[in-house]
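Chemist: Required output: the full structure, derived from the provided sequences and hints.
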Amino acid sequence: MGSRASTLLREEEIEEIKKETGFSHSQITRLYSRFTSLDKGENGTLSREDFQRIPELAINPLGDRIINAFFPEGEDQVNFKGFMRTLAHFRPIEDNEKNKNPPATEPLNSRTNKLLFAFRLYDLDRDDKISRDELLQVLRMMVGVNISDDQLGSIADRTIQEADTNGDTCISFQEFMKVLEKVDVEQKMSIRFLH
Amino acid sequence: MELFFNPFDNLLCILLGISFTVWFTLLLVFIIVPAIFGVSFGIRRLYMKTLLKIFEWATLRIERGAKEKNHHLYKPYSNAIIAREPTSLEEEIKEIRRSGSNKDLDSASEFEMSDIFYFARRGVESIMDDEVTKRFSAEELESWNLLTRSNNNFHYISLRLTVLWWLGLLIRYGILLPLRVTLAFTGVSLLVFLTSLIGLLQNGRMKNVLSEKVHLMCYRICVRALTAIITYHDSENKPKNGGICVANHTSPIDVIILASDGCYAMVGQIHGGLMGVIQRSMVKACPHIWFERSEVKDRHLVAKRLSNHVQDKSKLPILIFPEGTCINNTSVMMFKKGSFDIGATVYPVAIKYDPRFGDAFWNSSKFGMVSYLLRMMSSWAIVCSVWYLPPMSREEGEDAVQFANRVKSAIARKGGLVDLLWDGGLKRDKVKDTFKEEQQKLYSKMLVGTQEDRSRS
Chain Z
1 MGSRASTLLR EEEIEEIKKE TGFSHSQITR LYSRFTSLDK GENGTLSRED FQRIPELAIN
61 PLGDRIINAF FPEGEDQVNF KGFMRTLAHF RPIEDNEKNK NPPATEPLNS RTNKLLFAFR
121 LYDLDRDDKI SRDELLQVLR MMVGVNISDD QLGSIADRTI QEADTNGDTC ISFQEFMKVL
181 EKVDVEQKMS IRFLH
Chain S
1 MELFFNPFDN LLCILLGISF TVWFTLLLVF IIVPAIFGVS FGIRRLYMKT LLKIFEWATL
61 RIERGAKEKN HHLYKPYSNA IIAREPTSLE EEIKEIRRSG SNKDLDSASE FEMSDIFYFA
121 RRGVESIMDD EVTKRFSAEE LESWNLLTRS NNNFHYISLR LTVLWWLGLL IRYGILLPLR
181 VTLAFTGVSL LVFLTSLIGL LQNGRMKNVL SEKVHLMCYR ICVRALTAII TYHDSENKPK
241 NGGICVANHT SPIDVIILAS DGCYAMVGQI HGGLMGVIQR SMVKACPHIW FERSEVKDRH
301 LVAKRLSNHV QDKSKLPILI FPEGTCINNT SVMMFKKGSF DIGATVYPVA IKYDPRFGDA
361 FWNSSKFGMV SYLLRMMSSW AIVCSVWYLP PMSREEGEDA VQFANRVKSA IARKGGLVDL
421 LWDGGLKRDK VKDTFKEEQQ KLYSKMLVGT QEDRSRS
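Line order of the protein sequences matches chains Z and S.
Following UniProt numbering, the numbering of the first sequence begins with 1 at its first residue and continues without gaps.
Following UniProt numbering, the numbering of the second sequence begins with 1 at its first residue and continues without gaps.
None of these hints come from the bench; they were simulated from the model.
A few of these clues could be false.
Distance ranges between label pairs, derived from CB positions [to be verified]:
1) 177(Z) - 438(S): 30 to 38 Å
2) 435(S) - 10(Z): 37 to 45 Å
3) 94(Z) - 416(S): 32 to 40 Å
Just so you know, these numbers come straight off a predicted model, no measurement behind them.
Backbone N, C-alpha and C fix where the C-beta goes; we use that ideal spot for every residue, glycine too.
Modeler: Right, dumping it as structure tokens:
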């Protein structure tokens with residue numbers, strides 16, 4: 001509920017998150033209000049069930065993979081900082097950021113990090129490469145029961161053939177980036193705020 | 001000693017007696033008698049105007065306080081936080097492929113690794129802001145209405161504002177609440193008592209007329225018990241006998257609001273306790289449709305009883321809330337098709353509450369019925385507008401679902417609410433898998449479709 005929104009989030013925390021993610025003050029308070037409204041258990045963290053309660057996410061074929069992206073390895077709860085860190089990947093890249101001196105660490109919403117987010121959606125076991133099996137599983141999630149195993153298998157084979165340059169039948173992150181080098185990642189993996 | 005206390009006691013008793021008498025006379029004259037005759041002194045509207053002025057002043061003070069401390073105010077936005085384009089799955093994925101592809105479009109491959117961008121972005125968009133979950137909690141206000149339950153900027157209250165808030169608290173809980181509870185008691189007991197009396201009469205015109213008057217009077221007393229200030233629009237479209245009245249549902253108070261302006265046959269499940277007593281006595285005076293708990297599941301039985309009722313032109317119009325659950329009055333959710341299948345004329349009604357005076361939405365997962373009613377009675381007022389829309393009937397070639405959606409759009413448009421296709425049942429239940437399967441089917445068509453073209457060429 002909105003009534004606890006800005007009272008529980010301290011100014012220092014907002015500043016920290018601002019530095020780390022680049023969101024503005026009002027965007028952070030707005031998203032905090034959203035975070036608390038999703039947090040049905042009112043314990044300051046979100047579980048996987050809290051995400052699954054969003055109908056539009058539940059009907060997304062890759063809903064579970066996206067939810068998984070919020071939870072670090074082996075954990076079941078995500079706090080507000082973690083929530084914002086993941087959402088930051090979808091912040092649009094502003095023009096003035098491109099011209100400034102590059103900061104010490106790469107911003108969360110850089111082109112590379114956006115591609116990394118997408119890569120991790122495919123990489124089920126988090127071993128930094130997409131095997132044929134993993135690709136098949138993700139494809140199966142996206143198409144449901146509408147395509148046969150054989151057809152799907154040949155699609156997966158074709159994709160790996162096109163992308164794999166070092167012959168290990170897996171797609172590494174470098175190979176992934178190469179395949180997608182022409183795609184307008186900045187626009188397609190960004191969500192524009194209205195305020 | 002005794003001599004000393006007696007005159008004092010006497011004086012106290014006399015004073016108490018006088019104040020009670022005055023209290024009840026005022027109550028009778030200003031509230032109950034007008035309720036019986038359906039007239040109004042206009043006191044409530046004056047009250048409403050005064051309150052609005054005070055709220056505006058309070059909001060300005062808070063904004064000034066925040067500026068002085070150089071802090072940011074939490075500003076609730078009733079519109080969306082993110083920009084969402086209404087493009088379809090096909091369009092978007094084609095666009096993504098187009099931007100990355102160096103082959104020409106005719107031989108576009110079936111699957112691209114960049115397809116996942118679409119699902120990823122949609123998913124994260126729905127995490128940031130979705131159309132459904134925000135309908136099940138109270139709407140956020142732009143200005144403060146001196147109720148702590150709706151304030152997000154606590155720490156910017158000045159001394160003057162705090163005094164005002166305490167005053168408001170005193171008035172609401174000390175004066176308004178007892179007054180309203182008394183009225184509510186009077187209204188409900190009169191309803192039970194008088195309808196039982198009328199039930200003893202023979203069925204006929206006299207009984208119907210009396211029953212109408214009694215129902216209207218008691219509901220009007222209840223309306224004053226909530227200090228509800230209602231504006232009825234387009235009363236020429238009021239529901240007639242043999243029809244079904246459908247309205248959007250925000251709280252149980254909707255029933256009182258509609259029934260104080262016209263007579264309806266209610267539909268519902270028989271409850272135990274006080275509700276059950278009220279229901280049983282109401283049905284003695286005029287035919288309402290109450291179901292036993294076991295009968296509710298049987299859709300055919302429900303439909304049969306409803307259609308029997310509407311076919312009898314002497315019986316009152318039925319009042320139904322097709323959403324099936326309480327929504328927070330910013331949108332209208334899916335209408336259940338049952339009442340649109342019977343073939344009767346439908347009289348749509350749109351109800352819009354003004355949230356500045358008190359939020360009428362019943363969040364049944366947070367508050368039980370009693371605590372909800374107490375909250376209502378300790379708000380400033382319930383202000384709402386009711387629009388009676390012209391009657392609608394099912395057209396040729398239209399099925400019940402399409403008809404229901406047509407009525408829903410009309411209600412949403414009139415009341416200024418968002419028209420959603422989502423089911424209000426999502427408040428409690430999980431979404432059906434069929435929606436996900438639709439998405440998967442759409443995407444599969446993109447992959448397989450190109451293969452068919454290839455084999456053809």
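Chemist: Against this structure, judge whether each hint is valid.
Modeler: Cross-check of the supplied hints:
no., hint, result
1, 177(Z) - 438(S): 30 to 38 Å, "holds (33 Å)"
2, 435(S) - 10(Z): 37 to 45 Å, "holds (40 Å)"
3, 94(Z) - 416(S): 32 to 40 Å, "holds (35 Å)"
Comparing the model with each earlier hint shows no violations; every hint is respected.
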